[in-house]
Structures are given as structure tokens and as C-alpha cells.
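Peer 1: Chains as they are written, first to last, in this note's numbering: chain A, 2 to 313; chain B, 7 to 296.
Warning: the hint list may mix true and false statements.
As the list claims (entries may be wrong) - Partial chain B-side listing against chain A, Cβ under 7 Å, derived:
id	residue
1	26
2	28
3	74
4	119
5	139
6	222
7	230
8	247
9	272
Claimed, not checked - Computed Cβ-Cβ distance ranges for the label pairs, DEER-style:
id	chain 1	residue 1	chain 2	residue 2	range
10	B	32	A	79	50 to 56 Å
11	B	15	A	227	27 to 33 Å
12	A	203	B	155	33 to 39 Å
13	A	207	B	30	24 to 30 Å
14	A	64	B	277	50 to 56 Å
15	B	23	A	207	24 to 30 Å
16	A	87	B	23	44 to 50 Å
17	B	37	A	79	38 to 44 Å
Calculated from the structure, these hints are not laboratory results.
Think of the CB as a built atom: it goes at the ideal place given N, C-alpha and C, for glycine as much as any other residue.
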Amino acid sequence: MKRLADPRKRKGISYAKWGYLFIAPFFIVYGLFTLVPQVMTIYNSFFENYREGLKQVGPNFVGLDNYIKLFTPDKNGNIDILKYAWNTLVLWVGGAVPQILVALLLAVFFTSYRLNIKGQQFFKTVIYMPNLIMASAFSMLFFTLFSNSGPVNQLLTQMGWIDQPIEFFAQKITVRGLICLMNFLLWFGNTTILLMAGIMGIDQNLFEAANIDGASSLQVFFKVTLPLLMPILVYTVITAMIGGIQMFDVPQVLTNGAGTPNRTSTTLVMYLNNYLKTSKNYGMSGAISVVIFIITGLLSMVVYRSLTRKDD
Amino acid sequence: MKKSNSADSRVAKARLTAARALVYAFLIFLTVLCLFSFYMLFINATRSNADLQGGFRLFPSDYFFKNLYNAWTDASINIPRGMLNSFIIAASSALLSTYFSALTAYGIHAYHFRLKKLAFSFIMAVMVIPQQVSATGFYQLCVKFGLTNSYIPLIVPSIASPVVFFYMKQYMESVLPMEIVEAARVDGSNEFSTFNKIILPMLKPAMAVQMIFAFVASWNNYFMPALLLDKAEMKTVPIMIAQLRAADYSKFDMGKVYMFILLAILPVVIVYICLSKYIIKGVTAGSVKG
């Protein structure tokens, strides 16, 4: 008895050591390159620390001044960060709502036994491809395609539909529309595949039982598919949202960082990038980072709750 | 009775056919929407600047290799160098993130230790925190240690990739039951070499898929490299693309511009065309629980 227990105990202790050893690189690197910077970012947000020409100002402790400055209206009564948060929200909703609706439709079509769609592999391959494309290059491509002398304007002129080229990058609605379209194209294939996996994970007997009971396709969707898909839908919405808060590459390259026209397509991260890259203002960029951090946390909580409440 | 039944089924059949037609039409519309911009990119990369100014065309011309030569040898945007830089960063990140994620996942999967649960919950909790949130401190740290214009801050952090870790953990749960782990252990042998020689080969399919995703993510990454790299010979492809946008656009040879964009996305597209089946399978495997 004693002889049996002893080596096991000895083994357990020595194996635990290996566990710590194997996960150590992850935690050391995470600590060094993410956790320390995270703390530094929050710390910085309470300091005045920037470059003015060649002169370095600070770091001086200023308490909440950076946050107050962030939320103080300028002389026109605008609060920049709210404007950019609104832009980010509009650009996200414009891309994500069609993305999730179309993905949900496609997922139902692809998994429908009755429809029996052929060529699924081909369609999936095509719609997923944009997800792997470099967003900045995709954005540059759209800039060239929709520029005043670009192919889209040429085509519309040749067809005789317009006399003057449409200035896609001079109007709020078209710039925002193009950003939404790009975000939609970049992500709807990915969402479709996730939701498909979710639907295929549902017990097939439930669909059969619903069919035997004479449920229509719509009833099956709303009464069986949708409720059982909810956890994965929540996951999809939250990840899409967290992706949306980070929106940067597409509007940055499309508008050359200016958020034209009149900063109506400037996102929160573009704002952060301006302070960090252009003016090296660590205090303000730190404060913006903290705001983004808080928004990320709050939004994911709100969505998670609102979508799971029905389940309770 | 029989008659009305067959009439019913005929109506149902007609309905189904109509529904199917609508679904296919919708799918074709989405396919065109997805491929149109890439098709135009390819066509326009085969046309000369003068031809491009002339008007819209749906078919390729014969300027492809001339554009390729012009873009490849451009004096201000050194695209071959950029592609090499991007490749070095992306390949190293892919190797590090998959190897260390597997190691971390194995550490948590195969061993029992007191902080195991805490370690796992911690990684799951930080999985969703965007990188930009710590960018200010990250940048300051790099400046402090002279790591701007260095690839270290773009490569080393990939050792800690929560998403890849999660995928590996899920994969191990399905293909690596503890009995195998125990059988693989030679009493007294080094656990580390057991991992490298016996466990790692079993993870090959998962490693391959995650390597592709990690490579692509790093290849496409724009925010951090743009912040850290400003020496011309250090720049990566996305920075060069943004430079292209910032340049005085009207003076550019448009055939060359399309070629630059094509070169930026081509490596990923080629890999995707060859391995799309595995990549699409990989999208779902690790990301959703249940």
C-alpha cells in the first residue's frame, strides 16, 4: 500500500513542475509585451506627456485632466471622441447587420436538407476568401476602383448613366457606404461558416420532429434553429463587435488617415493612432485606450445579456 | 382525395423549385460581389497606364509583365524587399505562435498543478482584449529599449497567442486522450522531449492550419508595424500599400499601382486556392465551443 502510493505522489509533484515550465513562456511573454504595456497605458493616461516640436512636455501627473480634455467640447461645441465613437458605431452597424443577416440566411440555406444546395464547397471557398485578404490592400483597391477616373466611374459613364464622375470620396454617405461594404465582404463568409457549424451541431432529430409535426420552414427557423443557435450567435456578435471597435485599416487607408469628408469616417482607433503616431501624446492616447477598453467590456456584457435573457 | 394530394405535392414541388432558384440567384449575386473587385484588379494589372485612362474594360490586355517589371523595380516603393520583410516576420510569428501555443496547451492539458485552472481562465479572459488597448505602453516600451525599427516586438509577442492556444487545447481534447499521453511517457524520460518527439507530431494537422492563420494575420497586420517601422528598408507590405495611398496619386502609373496591390495579396490568395478545404475546416474547429 505504502509502496504503491509513494511513487504516485512523487510523480505528481514532479509532473506539476513540468506544467509550470510548459506554460511559463506564454505567461512571461504575455506579461512583458501585453500586461506591462497595459498597466503603462493606464498609468500614462493620468500624465501629461507629449512632444511639441522639439520640446518634450512632461511627464507630469495631471490626474483626470486627459479624460476631462477628451470629453470637453471644442469651440464649435463638438466632442471629438463622441463623434468618432459614433462614426465607429455607424460603420460597424452598417457592415455587421447585413453581415449577420446574410450569414444566417446562407447558413440555413447550406444546411437545409430540403433545398439540397449544390456546389457548396465552391460558394464557401469564394465567400470566405475576402477574410484572408490584406484589409489595407483591399481598401486601396476600392480606392482605385471608385476614384474619379477609376473603372466604376468609367463604366457608369460608358453606359451613359452619368455625365460627371461620382465623387465617391467627397461625400459622407458614399465613403461610409464603401467602408461598410468592405467590412461586410471581409467578414460575412467567416460568419457564415461559424453559423453553419452551429446549425449542424443541433440535434437533427429536432428538425425531423418539427417536420413531422408539420412546422413550416419559417416556424422551424424561429422556434428550433434560432433559439438553439443563440449561444453561437452571441459569440459571433461579440467577436464582430470587438472587431468593430478595432476598425482601423480600411478607413485609415481609404481616407489616407483623414477620415474624409470632415472626419466623418474617423474611427476611435484612428483617433488613437493620430495621438500616438503623429503627436507622440502618450497621455491622450493612454486615455483613449482606457475608454476603448471600457467600451469593449461594457458592450460585450450588454450584448451577452440581451441575447441570452430569452433562454432563462 | 388522391387527386388533391398529388396537386398539393405538385404545388409544394413548384414552390421548392422556385425557392431553390431564388437561393441560387442570391448565391451567384454574392459570388459576383465577392469576386468583382479582385477580377478588376487582375484585369487592370494587365493594362498600361494610357489604356487605363482610356476607359473601362472587362478583358485582359498584354501589359502584365511590363507592369510587373515596373512595380518590382520601382525606386520609391521597394516591393520585393517589403515582401521579404513581411515574409520573415509572418513566418517567424507563425512558427512561434503555433509551437508555444501547443506547448502551453499541452502544459494545461497533460499536467495537474495548483494554478492550472487559474491559468486557463486567465487566457480565456484576455482572449478578447484588443491589442490596440495596450498600444501606448507597448510603443513606449519599444522606444525605451530601442526596439523601434526592429522585428522583435512584431515577432516575439506571438509566443502568447490566446486564440491559437484555445484552438490547440480544443484539438488536444478531441485527439489526445490522457491514456495516449500516459502511454507516450517513458518512465524517467524527459517530459520536454516527450512533447517534442511524440506529442507534437500528433498535432500536425492542427499546427498546419493554425500556422496558415497566424501567417496570414501577421502578413496583413498594419497597425503595429506602421507604428514601429519607419526605416525604408524595414517596411512591410501593408505599410507600402498605405504609402501608395498617401503619395501624389495623379502622377502614378496606374498599371503599376494595380500591380502593387496584386503583389500584396497574391501570396495569400495562392495559398488559399491550394488549401482552401483545410482552411475552411479550420475556421470552425477551434473557435466555437460545442
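Peer 1: How does the Cβ-Cβ distance of residue 87 of chain A and residue 23 of chain B compare with 44 to 50 Å: does it lie in that range?
Peer 2: holds (46 Å)
Peer 1: Is it true that the C-beta distance of residue 64 of chain A to residue 277 of chain B lies inside 50 to 56 Å, as the hint says?
Peer 2: holds (51 Å)
Peer 1: Holds or violated: is there a CB of chain A closer than 7 Å to the CB of residue 272 of chain B?
Peer 2: This hint is violated: residue 272 of chain B lies away from chain A, its Cβ roughly 10 Å from the closest one there, beyond 7 Å.
Peer 1: With respect to the beta-carbon atoms only, verify the hint that residue 15 of chain B and residue 227 of chain A lie 27 to 33 Å apart.
Peer 2: holds (28 Å)
Peer 1: Against chain A, run the beta carbon of residue 230 of chain B and see if the smallest gap drops under 7 Å.
Peer 2: violated (11 Å)
Peer 1: Between residue 23 of chain B and residue 207 of chain A, is the Cβ distance one that fits in 24 to 30 Å?
Peer 2: Since residue 23 of chain B and residue 207 of chain A have Cβ atoms about 27 Å apart, the given range 24 to 30 Å holds.
Peer 1: Under 7 Å is the threshold here; is the Cβ of residue 222 of chain B close enough to any Cβ of chain A for the hint to stand?
Peer 2: holds (5 Å)
Peer 1: Just tell me: holds or violated, for the beta carbon distance of residue 37 of chain B and residue 79 of chain A against 38 to 44 Å?
Peer 2: At 43 Å between Cβs, range holds.
Peer 1: Once the shortest beta carbon distance from residue 26 of chain B to chain A is found, is it less than 7 Å?
Peer 2: With Cβ-Cβ at 6 Å, under 7 Å, it holds.
Peer 1: Next item in the hint list is residue 28 of chain B. Is there a CB on chain A closer than 7 Å to its CB?
Peer 2: Not OK, violated: residue 28 of chain B not within 7 Å of chain A, min 10 Å.
Peer 1: Looking only at beta-carbon atoms, does the pair residue 32 of chain B, residue 79 of chain A fall within the given range of 50 to 56 Å?
Peer 2: violated (42 Å)
Peer 1: Let's test the interface hint: is any C-beta of chain A closer than 7 Å to that of residue 74 of chain B?
Peer 2: This interface hint is violated because 16 Å lies over the 7 Å limit.
Against the hints set out earlier in the document, violations occur for numbers 2, 3, 7, 9, 10, 12.
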